[in-house]
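Using the supplied hints, reconstruct the complex from the two chains, each of which is provided in its own coordinate frame.
Okay, here's what each chain looks like letter by letter:
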Amino acid sequence: MLIGNYKESYDSDEAIFRTPATRAWMGAAAVAAILFPFVAGDYPLYMANLMLVLALAALGLNILIGFTGQISLGHAAFMGVGAYGTAVLASRFGLPFWISIPAGGALATGAGMVVGAPSLRIKGLYLAIATLSAQVIFEWVFTNWTSVTGGIRGLNVAPASIAGFRLDTDERMYFLILSVTVVHFLLASNLRRSRWGRAFVAVRDRDVAAEIVGVNLFRTKILAFMVSSYYAGIAGGLWVYFTKVVTPENFQLSLSIQFLAIVIVGGLGSIKGTVYGTIFMTLVPEMLKAGTGVARTFWPDAQSYLFPLRDVVFGLLIVVFLIFEPHGLAEIWNRIKRFFSLWPFKK
Amino acid sequence: MSEGLVHLIQLLVSGVVTGGIYALVAMGFVVVYKATRVINFATGEFMMLGAFFAWTAMSAVQAPFVVALLAAVAASALLGMATERLVLRPLLGQRTISIIMVTIGLAAIFKGLAQIAWSGDYRSFPTIFPRSPIELGPILIPSRQFYPFLIALGAIVIVGLGFRFTRTGVAMRATADDQMAAFGMGIDIRRIFSLSWSLAAMTAAVAGIVVGIIGGISPQLGAIGLRTFPVVILGGLDSIGGALVGGVIIGVLENLAGGYIDPMLEGTSVKEVVPFVVLVVTLMVRPYGLFGTREVERL
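Residue numbers (the working numbering), protein chains in the order written: chain P, 1 to 347; chain H, 1 to 299.
I should point out that these hints are in silico values taken from the structure, not numbers from a laboratory.
The structure displayed is predicted, hence computed values, not measured ones.
Covered stretches of chain P (chain H as the covering partner; in silico rule of three or more C-beta atoms under 8 angstroms from a C-beta of chain H):
id	segment
1	123-133
2	136-146
3	256-270
4	309-319
5	322-329
Among chain H residues calculated to face chain P with C-beta under 8 angstroms, some are:
id	residue
6	87
7	101
8	113
The beta carbon of each residue, even a glycine, is placed where N, CA and C say it ideally should be.
If we strip away everything but chain H, and leave its shape as in the complex, we get (with noise of 0.2 angstroms):
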């Protein structure tokens, strides 16, 4: 194989390993806006807060990787519940602006208050997975690109089929759907919206702790967050597949332009701003995204 097809291989897969985790935040989000029509701003820090409970795990008590995981994602369930509860709750049905505001406000306290505990230091998951790069032919994957990939890819298909056939996964959609019909068939309403934050919050600590891994962990983790919303607007910010799709798409563009473009610019990063320049065009052309609702509004 030339090296030129190599290098655009190489590319592709560290962009589909990006784009994997971009899919599972985007997941955590679409959930939220889904069961709740709110948009959240702090994706990033719970993403953030994920990494740091499992960090403190494997750090302070040795757990070992599977338990710290397991604890960060069960903290961080609660920490979205209490969210919902206390500061989503009570504004519920208010305009856009006061929702949007109050989750960029609960990003400045987690950001804030993860610095108080944890220092603005950066940290690094202590080695868990073989360090031994995986081969495909002539293509390398770094180990540390490798597993938590696969952590991230399992996330995603547990979510994915708990929504399709569990019980509160099909409450979860009728709710969605239509709130008012899922409210007369006695599905408790409530409930739908604080379990819709809490598992947003999970996959949120999932990705951040895959995050975490790959590139370490400080309370600027959470900047990773405001990637998501390229991504949710592409797929649609309604579907569940779409934030899969749209986080390959914009995963594998950046890298690509990151591969080919920036180092025809010295100096300049095209990578960062790629996403947001699709983001600026989907509205444009396609504001529901590639699989998202198309609401019907003629002004």
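Bound conformation, chain P alone (with noise of 0.2 angstroms):
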């Protein structure tokens, strides 16, 4: 049981993994993610190849809403350039991937930059509805700039190598993923106890006390939109070498929902939260599927009723979650372990 944590020096006070039980677990959860591939069946890789690229962008998009508290609907329009960008490197210079999708990342951070500038100038719903107009005019050139991005059929990709090894399986996938993934989650934990996280918190809180004390609004929210469509770029290029084909059909402003939506149910602010976020999302349809799939034996037309019923349960997550548990699942998770490391001496 534990009774309590304390610190003796400030290095204590900010490491990342604070207690030896949360070293542990995340010990365990590192051997567990390695040992992943070798275990789990095609299926289960191939979501979990998915899973992790989609926390890789959600955790962007979480550092723009939850940390500095900006709105963006245009989040997967960040991910189509870092795709397009990464997937026209790589077929049309046939460059290797350790410069193609760094090259999407970088290409999405001047978009973010663009995008963001005006965020100065107009906040809340005037910003949301600035970046809708961003997600609706990016899709448009990717579907129309036919010459470069191959318009609806979009652009096909080789299989990534290095140094003549081809990754060209999902598991082979899964590590770059992975290791890119966990390395971008280590660099946010680390930006939020920086001087910059600390500015992006309290830019959120109260921008004009913020500004008082010495935070650049301007320069700081533009960091944010950088760093939240870096991400989503890097995300966008890890998918393309995942899925080996980029359409303007997998930029949509859904998937700028959905990913609004990861970050809500698993926490607004919260690095864990979209963890869970993800996974949470994400399992939710395929628990539908597999329901609808028992269903059909005793009831032959539910299949068709699997893809409305995933838009109401969609809504109805963000409908409930927001009113009843406005933190989402990282509070809830929180809840939990309180509970348990204080029972049985609490009621």
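Okay, structure coming up:
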């Protein structure tokens, strides 16, 4: 039983994993993550890759919304910019993935800077609508700039390879995606305890007060947009090598909404919440699919209700979480942890 | 008249028709925003449900069009009220992101439910109006654009007059102007909130029926709701007059772009993106729109 968590130095107070128990669990999770592809089947492996990519992009959105309090309805567009940047560099110029993915990320960062620029003048609802129009305009460009993006048919990309070793199976891609995502999650944890991370939170909590204590609002907001779209861009680049094809349908408004749902259900401003949110929002449709599969045995029509039912459940989750559990799964998890850390001495 | 001129006038006419529909939807949007400061991302889904209500009344019960229209409007009013009471009120005073997301969630629920209730198929209203087009000299207005436009116009006039002259309308405007003062004068704010939502749902239902008559109904009809954002931002989020002007401007621009630019660029549709380009320009130059209240805030 954990009675207290005493800190005797600044280092221990600032540590990312603060208690021995956390460190032990993280170690176990790391071992499990490395062993996972050797025991899991094809489909779970595919789902794991998908979730890792989505989690990376969603973390970017959480930095923007949860840390900095800026709204974006165009996150999928930034992911698309990164993906197309990566795909064009890889397929047209034959660049290896370790150049094309960061380059795609840089391109997305630039796009984020441009879209984020109005955030100084407009905020709240207006910013939501501005980013919404960015989403629509980028989507349109992906579809219509045929000479570069390949239009509706999209672009095909050869599997990533390094020093002759081809990452052409989901299993091999898993390790690339896993390592990139884990590194970026650690970076985000570090960002939060840095000067910039605290500036983000200050801007979120009260922009005027932040300005008064010396936070440059414009630079902070722009930086938040850049970091956020950089994450989305890197996730887009990984997506390209994972699915081997990019089309405009991959990065529509619905994906932006999916990211928002992940962030809200997981917990705004919580890094581990992003992970919970991604897992939850990806597994719920899978469970519905399994459920309708079972229902089909005694009700043949069940399958045709799967897609609309997914919409309904998706919407219900957003509404119910916002009304009853606004801090998301991260808060539920904390509550459970608190309960068990004092159990059985607390009723 | 030369052929080019006829083409131009034809485009303008269909632009005004589209603009009238945008204006009607935008009006409901503005009413909700004025009263409750909520931006309703489910507007398009309210339209879609309204259209389906009317379609069901006409095809299942064989109700005449006017009855179906009124029934759909009444049902939507109840739906709007229920939405406000059950979903929006618990979130009063919450962060903007929560309010936006909750209406997005609602949109997903409505869309899914409509697909379950009416399936994803395309449907069209039975023939309601005379089929012969309206001729104004060399200009032809297709009847399925002309009569629905009249309905939209009628709804706009009714709502506009009601807002201006009825007791409830005055109360709604007072609430929008200054909530505390209105409350102090004995206006029941909660009732106004719920009325605003039902009014928005009603205008959306009429707009949905109009769109449904012109282009058919499916659960995807709600996608058009997205296009009201350029309209309301251009006109000013809290201005009903602005919604009208913005609607017509966006409708006309869209059709002009579709008529003149699209044929030059093969295979692209500039029409879809023009309203959003206007939106971005508006936000950069004049974020409060043409007629909106200017909120002075310096940072």
